[in-house]
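Q: Sequence:
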Amino acid sequence: MQIIREKRWLYILFFSMLLLISLTLFIHYSIGSVIVNGKSMENSIHDGDKFITSQLAYKWNAPHYNDIVILDASTIPGHELYIKRVIGLPGDVLVIRNNQLYRNKQRIEEPYIKERMIDTHLSITVPENHLFVMGDNRNHSTDSRVFSAIDMRKDVKAVVLFRIKPFRQDYD
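Its first residue numbered 11, the sequence shown is counted upward by one per residue in the working numbering.
Any given hint could be a false lead.
[Stated by the list, open to error] The list that follows gives simulated cross-link-like pairs (lysine to aspartate or glutamate, DMTMM-like), each with its CA atoms no further than 25 angstroms apart:
| hint | residue 1 | residue 2 |
| --- | --- | --- |
| 1 | Lys115 | Asp161 |
| 2 | Lys69 | Asp165 |
| 3 | Lys124 | Asp57 |
| 4 | Lys164 | Glu125 |
| 5 | Lys60 | Glu90 |
| 6 | Lys69 | Glu125 |
| 7 | Lys175 | Glu138 |
| 8 | Lys167 | Asp57 |
| 9 | Lys175 | Asp161 |
| 10 | Lys49 | Asp82 |
| 11 | Lys167 | Glu16 |
| 12 | Lys167 | Glu90 |
| 13 | Lys164 | Asp82 |
| 14 | Lys60 | Glu125 |
Read the hints as simulated data drawn from the structure, not as lab findings.
Throw the hints in and build the complete structure from the sequences for me.
A: Following this line, the structure appears as structure tokens:
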């Protein structure tokens, strides 16, 4: 009887440790945080804001308009990551004309942008598995207008889940 109790205790201990290690690895490789360095997302997101992110969000869910994403910018000297807003999804036709953004011939209202765009003209169909991203501070943002649509499998490193510093959710 004593031997059975000891074995049961060992099984419980073993599976508890296995669960703890699995949970730790899952959190380590799926959840992260980022501190914003720059002004390309003002007035929605400010220099020094801190966010919790998911590195697996687009593995389980499709991207949505207005998602805030963290991008790999390591190919640009002096940059590691960018934070941008998803404006276009695969297949979307985006047009910028007379300082206005149109998605699939519909004018997009963007109350989150800092100021109207300086006259920019653009027309693009977002390729399959790509996203078109822009900073909210349109006149001071290096984004898909410069580097084109981004590969959501390769370039998107994380999706913002929520802001933790300062704690507010008004980045939409």
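Q: If you test the structure against every hint from before, which numbers come out violated?
A: Violated hints: 4, 6, 7, 9, 11; rest satisfied.
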